[in-house]
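Participant: Using the sequences and the hints given, assemble the complete structure.
Number of protein chains: 2
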Amino acid sequence: MKILAMLKSMARVTLLVFICTLSIEMAKAQMVENSVPAPTNINQTQCPCILPDNSVVFQVKAPNAQKIQIDLGKKYDMVKGADGVWSVRTKPIVPGFHYYFLVIDDVPVADPASQSFFGTGKMASAIDIPEKGADFYTVKDVPHGAICSKYYFSSVTNSWRRLFVYTPPGYEANPSVKYPVVYIQHGGGEDETGWANQGKTDIILDNLIAEGKAKPMLVVIANGNVSAGGGGYSSEAMASFKTEMTENIVPFIDKSFRTLANPKNRAMCGLSMGGGQSFYVGLQSLDVFGSVGIFSSGIFGGIRNPSGSTFDAEKEIPGLLSKSAEFNKKLDLFYISCGEQDMRIEHTKKAVETMKKSGLEVEFNSFPGDHEWQVWRKSLHDFASRVFK
Amino acid sequence: MKILAMLKSMARVTLLVFICTLSIEMAKAQMVENSVPAPTNINQTQCPCILPDNSVVFQVKAPNAQKIQIDLGKKYDMVKGADGVWSVRTKPIVPGFHYYFLVIDDVPVADPASQSFFGTGKMASAIDIPEKGADFYTVKDVPHGAICSKYYFSSVTNSWRRLFVYTPPGYEANPSVKYPVVYIQHGGGEDETGWANQGKTDIILDNLIAEGKAKPMLVVIANGNVSAGGGGYSSEAMASFKTEMTENIVPFIDKSFRTLANPKNRAMCGLSMGGGQSFYVGLQSLDVFGSVGIFSSGIFGGIRNPSGSTFDAEKEIPGLLSKSAEFNKKLDLFYISCGEQDMRIEHTKKAVETMKKSGLEVEFNSFPGDHEWQVWRKSLHDFASRVFK
Numbered sequence: 000m001k002i003l004a005m006l007k008s009m010a011r012v013t014l015l016v017f018i019c020t021l022s023i024e025m026a027k028a029q030m031v032e033n034s035v036p037a038p039t040n041i042n043q044t045q046c047p048c049i050l051p052d053n054s055v056v057f058q059v060k061a062p063n064a065q066k067i068q069i070d071l072g073k074k075y076d077m078v079k080g081a082d083g084v085w086s087v088r089t090k091p092i093v094p095g096f097h098y099y100f101l102v103i104d105d106v107p108v109a110d111p112a113s114q115s116f117f118g119t120g121k122m123a124s125a126i127d128i129p130e131k132g133a134d135f136y137t138v139k140d141v142p143h144g145a146i147c148s149k150y151y152f153s154s155v156t157n158s159w160r161r162l163f164v165y166t167p168p169g170y171e172a173n174p175s176v177k178y179p180v181v182y183i184q185h186g187g188g189e190d191e192t193g194w195a196n197q198g199k200t201d202i203i204l205d206n207l208i209a210e211g212k213a214k215p216m217l218v219v220i221a222n223g224n225v226s227a228g229g230g231g232y233s234s235e236a237m238a239s240f241k242t243e244m245t246e247n248i249v250p251f252i253d254k255s256f257r258t259l260a261n262p263k264n265r266a267m268c269g270l271s272m273g274g275g276q277s278f279y280v281g282l283q284s285l286d287v288f289g290s291v292g293i294f295s296s297g298i299f300g301g302i303r304n305p306s307g308s309t310f311d312a313e314k315e316i317p318g319l320l321s322k323s324a325e326f327n328k329k330l331d332l333f334y335i336s337c338g339e340q341d342m343r344i345e346h347t348k349k350a351v352e353t354m355k356k357s358g359l360e361v362e363f364n365s366f367p368g369d370h371e372w373q374v375w376r377k378s379l380h381d382f383a384s385r386v387f388k
Numbered sequence: 000m001k002i003l004a005m006l007k008s009m010a011r012v013t014l015l016v017f018i019c020t021l022s023i024e025m026a027k028a029q030m031v032e033n034s035v036p037a038p039t040n041i042n043q044t045q046c047p048c049i050l051p052d053n054s055v056v057f058q059v060k061a062p063n064a065q066k067i068q069i070d071l072g073k074k075y076d077m078v079k080g081a082d083g084v085w086s087v088r089t090k091p092i093v094p095g096f097h098y099y100f101l102v103i104d105d106v107p108v109a110d111p112a113s114q115s116f117f118g119t120g121k122m123a124s125a126i127d128i129p130e131k132g133a134d135f136y137t138v139k140d141v142p143h144g145a146i147c148s149k150y151y152f153s154s155v156t157n158s159w160r161r162l163f164v165y166t167p168p169g170y171e172a173n174p175s176v177k178y179p180v181v182y183i184q185h186g187g188g189e190d191e192t193g194w195a196n197q198g199k200t201d202i203i204l205d206n207l208i209a210e211g212k213a214k215p216m217l218v219v220i221a222n223g224n225v226s227a228g229g230g231g232y233s234s235e236a237m238a239s240f241k242t243e244m245t246e247n248i249v250p251f252i253d254k255s256f257r258t259l260a261n262p263k264n265r266a267m268c269g270l271s272m273g274g275g276q277s278f279y280v281g282l283q284s285l286d287v288f289g290s291v292g293i294f295s296s297g298i299f300g301g302i303r304n305p306s307g308s309t310f311d312a313e314k315e316i317p318g319l320l321s322k323s324a325e326f327n328k329k330l331d332l333f334y335i336s337c338g339e340q341d342m343r344i345e346h347t348k349k350a351v352e353t354m355k356k357s358g359l360e361v362e363f364n365s366f367p368g369d370h371e372w373q374v375w376r377k378s379l380h381d382f383a384s385r386v387f388k
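These protein sequences, in sequence, are chains F and W.
Heads up, the first sequence is in numbering that gives the first Met the number 0, so the first residue is 0 and it goes up one at a time.
Heads up, the second sequence is in numbering that gives the first Met the number 0, so the first residue is 0 and it goes up one at a time.
Hints listed in this document are in silico derivations from the structure and should not be mistaken for laboratory results.
Ideal placement from N, C-alpha and C gives every residue a C-beta, glycine not left out.
Be aware that one or more of the hints could be misleading.
Label-pair distances were calculated between CB atoms; the ranges are [what the hints assert, rightly or not]: (1) Leu259(W) - Thr137(F): 27 to 37 Å; (2) Lys74(W) - Leu259(F): 54 to 64 Å; (3) Ser384(W) - Leu259(F): 34 to 44 Å; (4) Leu259(F) - Ser233(W): 50 to 60 Å; (5) Thr156(F) - Val35(W): 14 to 24 Å; (6) Asn173(W) - Thr137(F): 27 to 37 Å; (7) Ser384(W) - Lys314(F): 53 to 63 Å; (8) Leu259(F) - Glu339(W): 51 to 61 Å; (9) Lys90(F) - Lys314(W): 56 to 66 Å.
Facilitator: In structure tokens form, the structure reads like this:
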């Protein structure tokens with residue numbers, strides 16, 4: 000058809016320029032033997048690519064740049080090839096999800112070869128290294144739920160805010176059934192997209208529910224940054240978020256979805272800063288939440304701190320140790336987890352030990368990994384399989 | 000509380016580093032008088048900022064870069080200040096949503112100061128210039144629907160794919176009600192996130208429905224890139240997408256949501272490449288779709304093409320002109336729109352004229368603007384207020 004020739008030329012000129020660009024990049028990219036493109040790459044880009052030892056080759060075409068690095072926490076200098084393509088092979092990287100930046104002449108930016116995720120307070124690149132045998136966050140041929148975005152009005156920020164709600168398979172088909180609800184919070188420098196994208200909440204829950212390992216439940220994924228400068232741990236920030244969660248978010252969810260609206264069927268959990276929010280807001284609101292989960296939180300100490308002060312559970316939550324029986328009665332599940340290579344692990348274990356000695360019932364688990372999403376995916380997987388039982 | 004000092008120090012060290020970074024950037028950023036930060040900025044970043052004449056000031060801190068530009072289609076050279084902050088003020092920019100890149104030593108990347116959007120085949124920055132008096136895509140105090148992400152299996156790509164579904168206010172509360180469905184497609188170099196993010200589909204529909212100007216309806220936002228190298232206009236690409244839409248997507252939606260499953264209550268529309276898909280797939284599937292909308296599509300010609308061929312509606316869709324009465328009977332709404340500054344406008348008007356002369360009922364509308372999202376937001380607003388009446 001004549002028009003198709005015309006359309007192709009138009010496409011060439013306007014719509015599909017990006018494909019040509021990509022093709023050039025991909026042509027330039029030396030194919031690395033025995034490597035596979037990272038699942039977090041965009042548009043079937045070949046690099047970043049992962050080698051059998053989990054080292055990663057990054058490449059970028061930049062004939063006129065002076066210096067390019069990959070910042071994965073550790074910075075790698077890239078080397079410029081004759082073709083103007085810079086590349087570097089990293090040390091082996093532990094499986095899981097890692098933020099990184101392309102640093103062009105000392106300006107950290109997102110890598111055009113990668114999907115972008117909101118982390119560290121801006122759009123960051125990330126590389127997700129598959130973990131052998133770990134398919135609990137892989138989309139499978141099982142009944143799938145949905146993640147829905149909703150707007151609610153916040154009396155704390157005096158603005159409309161977006162949150163996500165995971166609804167399990169069957170929610171649509173069974174309009175008379177009501178469900179328990181987990182409220183899950185992101186970490187510092189992240190927002191409500193964290194558990195939806197990086198965390199793969201929907202896939203993890205779909206698989207757990209299909210295996211019969213978790214009850215069908217809703218998972219509410221809200222933005223915890225309601226104070227100036229994001230979230231934070233100050234008493235003021237915690238108080239603001241407590242108001243947001245208990246007076247705005249929970250009532251909105253109970254009004255908008257078919258929920259079992261009682262503490263027994265409400266849980267709050269979160270990672271890092273969100274774990275701190277779950278500790279303070281959750282344990283201070285046992286009339287709202289009957290289960291609390293704390294993943295990789297710094298609240299138990301573990302980072303060099305000038306004051307040298309250590310964690311005092313009784314001071315933070317009066318009665319948590321001295322009246323542990325009362326807390327045991329109100330808490331169906333009090334869960335704490337941490338990555339085994341996370342600098343927070345020792346203080347976390349020490350805090351758990353102290354709580355247990357005082358008679359507080361705590362379920363603790365740890366997973367290989369540092370302060371990273373693979374640990375948090377496993378923490379959600381573990382928490383969701385224990386809660387509401 | 001002692002622990003707060005500790006936590007603050009931890010925060011300083013690990014979690015909130017990004018805030019410090021941002022603060023520095025913001026301190027460095029010369030506040031531009033009478034300017035407002037763009038709504039597409041990330042984390043309350045001050046720049047890009049918009050001046051009263053809709054010119055925009057961009058800034059980036061890059062003491063060691065050799066050359067930095069802003070690529071808004073037109074490239075602007077940024078000027079380096081003594082503090083290592085580069086900046087530029089653009090010419091006045093027409094209101095609406097515009098993709099752009101920060102070009103550092105000739106490497107185009109997303110601007111860390113901006114939200115990122117999938118466009119031009121990668122994560123791009125964008126600046127959304129507010130249009131005075133246009134609040135049809137502003138979140139208001141009206142009943143809100145939801146946008147839900149779902150996985151479906153594609154027999155065309157032989158993989159699980161994600162799509163979004165807008166459900167109107169009341170969908171949750173009225174489990175016996177069934178709804179008409181609009182299937183809406185993105186442009187070349189974009190994906191299913193386009194109409195959900197750039198297009199603000201949920202906000203536009205919420206507002207239209209609240210005003211009583213549109214019927215409550217579902218809007219299905221799928222990924223139209225099912226062929227090698229994305230979408231495209233070839234017969235093969237169109238055939239693949241026709242299979243995807245009619246054999247995979249529509250049956251999945253009718254199975255998963257409460258739909259009025261007949262042509263009268265199904266519409267297909269799209270922008271640019273998605274408009275081409277709507278023209279071919281929609282008009283070739285009138286047993287599935289009773290309404291078709293084509294926004295800013297290149298299919299009518301309008302871009303210099305070597306073959307010099309012009310659009311022949313009868314050749315593309317046999318009978319469209321010669322048996323227009325049959326098409327009029329099957330089509331409840333055949334809608335075409337284009338931006339008034341879009342190079343496609345003249346050929347589009349000419350095609351519409353030819354169709355009307357042949358007796359085909361076409362509703363045509365145009366909006367100020369080039370090949371851009373503000374025109375497509377208005378096209379959806381216009382289409383949704385006419386369809387299913």
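Participant: Evaluate each hint against the coordinates.
Facilitator: Right, here's what the structure says about each hint:
Take Leu259(W) and Thr137(F): their Cβ atoms lie about 35 Å apart, and the range 27 to 37 Å holds. Between Lys74(W) and Leu259(F) the CB atoms are about 57 Å apart, so this pair conforms to the stated range of 54 to 64 Å. A beta carbon spacing of about 39 Å between Ser384(W) and Leu259(F) agrees with the range 34 to 44 Å that was offered as a hint. Between Leu259(F) and Ser233(W) the beta carbons are some 52 Å apart, a value that agrees with the proposed interval 50 to 60 Å.
Separated by about 19 Å at the C-beta atoms, Thr156(F) and Val35(W) satisfy the suggested range of 14 to 24 Å. With their beta carbons about 35 Å apart, Asn173(W) and Thr137(F) fall inside the hinted range of 27 to 37 Å. About 60 Å separates the C-beta atoms of Ser384(W) and Lys314(F), a value consistent with the hinted range of 53 to 63 Å. Between Leu259(F) and Glu339(W) the beta carbon distance is about 54 Å. The supplied range of 51 to 61 Å therefore holds.
Distance hint check for Lys90(F) and Lys314(W): the Cβ-Cβ separation is about 60 Å, which falls inside the suggested range of 56 to 66 Å.
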